[in-house]
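Colleague: Listed here are the chains, written in short residue letters.
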Amino acid sequence: QVHLVQSGPEVKKPGTSVKVSCKASGFPFISSTVQWVRQARGQRLEWMGLIAVASGNINLAQKFQRNVSFNRDVSTGTASMELRSLTSDDTAVYYCAADAGRGYLLYWGQGTLVTVSS
Amino acid sequence: DIVMTQTPLSLPVTPGEPASISCRSSQSLFDSANGNTYVDWYLQKPGQSPQLLIYMLSYRASGVPDRFSGSGSGTDFTLKISRVEAEDVGVYYCMQRIDFPSTFGQGTKVEIK
Numbered sequence: 690q691v692h693l694v695q696s697g698p699e700v701k702k703p704g705t706s707v708k709v710s711c712k713a714s715g716f717p718f719i720s721s722t723v724q725w726v727r728q729a730r731g732q733r734l735e736w737m738g739l740i741a742v743a744s745g746n747i748n749l750a751q752k753f754q755r756n757v758s759f760n761r762d763v764s765t766g767t768a769s770m771e772l773r774s775l776t777s778d779d780t781a782v783y784y785c786a787a788d789a790g791r792g793y794l795l796y797w798g799q800g801t802l803v804t805v806s807s
Numbered sequence: 159d160i161v162m163t164q165t166p167l168s169l170p171v172t173p174g175e176p177a178s179i180s181c182r183s184s185q186s187l188f189d190s191a192n193g194n195t196y197v198d199w200y201l202q203k204p205g206q207s208p209q210l211l212i213y214m215l216s217y218r219a220s221g222v223p224d225r226f227s228g229s230g231s232g233t234d235f236t237l238k239i240s241r242v243e244a245e246d247v248g249v250y251y252c253m254q255r256i257d258f259p260s261t262f263g264q265g266t267k268v269e270i271k
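Listed in order, the protein sequences are those of chains A and B. Just so you know, we're using the working numbering here: the first sequence kicks off at 690 and counts up by one. Just so you know, we're using the working numbering here: the second sequence kicks off at 159 and counts up by one.
Next comes chain A alone, as it looks inside the complex:
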């Protein structure tokens, strides 16, 4: 059975950082890209970027290139996303999704709510 399990909700102060993890099981993680998508309340889905699990290659949307980093650990089947210099605009649900090598977002995590508030 396929699972993408994300870490729990976070409340952070402006200017700090947050790390969201995403643990995969039940599908070929190493053949995948893990992609990160966020959704602010009432807003459309916003693609942040991806990491290719096998190579570690990263592609980030331009707006996130200065304050977002991705990582992955093949041995544990885990991917992570770190968002730095948080502002209230970063308050959103963050999703990881995996493509199992097919390009489209086949498997999704349950989402992690990140709230940025002073």
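These aren't lab readings, by the way, just hints derived from the structure by calculation. Do not rely on the hints blindly, as some may be mistaken.
[What the hints assert, rightly or not] Which stretches of chain A does chain B cover? Using the computed rule of at least three CB atoms under 8 Å from a CB of chain B, they are: (1) 722 to 736; (2) 798 to 807.
[To be verified] Subject to a maximum C-alpha distance of 30 Å in a straight line, what follows is the list of computed BS3-like cross-link-like pairs (lysine-lysine): (3) A/LYS701 x B/LYS203; (4) B/LYS271 x B/LYS238; (5) A/LYS712 x B/LYS203; (6) A/LYS701 x A/LYS752.
Beta carbons are placed, not taken as given, at the ideal position from N, Cα and C, and that holds for glycine.
Given the coordinates of chain A, assemble chain B onto it according to the supplied hints.
Modeller: Leaving out everything else, chain B in the frame of chain A:
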């Protein structure tokens, strides 16, 4: 960035009736090198993560009922539901991935009349 524009944004539907959602991209999503069109459709049911419905224009994902179909070409795409069921309520998104960054439409909220 490629802009994806969906219409309508809200779609009240009657169970058993058909429904249609349009999506237009600011650039062609057709790759002449391989003949693929890189538009996918996702459904986000209330309180849930998005789920894949249609990939590469017209291929239904595993487990997706055959009342869902995707069509179109170039820059104009359509998701059709032949007979809407109560479980189909939620927000439908088109997404392009022919070019980075991938981008989503605004979403179309389907609700039962």
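Colleague: Indicate, hint by hint, whether the structure satisfies it.
Modeller: Here is how each hint holds up against the structure:
Evaluation of the coverage hint for the region 722 to 736 of chain A: fulfilled, as 6 residues show C-beta separations to chain B shorter than 8 Å, against a requirement of three. Coverage of a stretch by a chain is defined here by at least three residues with a beta carbon nearer than 8 Å to that chain's beta carbons; for the region 798 to 807 of chain A and chain B the count is 3, and the condition holds. Between the alpha carbons of A/LYS701 and B/LYS203 the distance comes to roughly 28 Å, so the proposed pair stays at or under 30 Å and holds. About 18 Å separates the Cα atoms of B/LYS271 and B/LYS238, which keeps this hinted pair within 30 Å; it holds.
Using a Cα cut-off of 30 Å, the hinted pair A/LYS712 and B/LYS203 holds, with the two alpha carbons roughly 23 Å apart. Straight-line distance between C-alpha atoms of A/LYS701 and A/LYS752 comes to about 20 Å, which keeps the hinted pair within the 30 Å bound.
The structure is consistent with each of the numbered hints, conforming to all of them.
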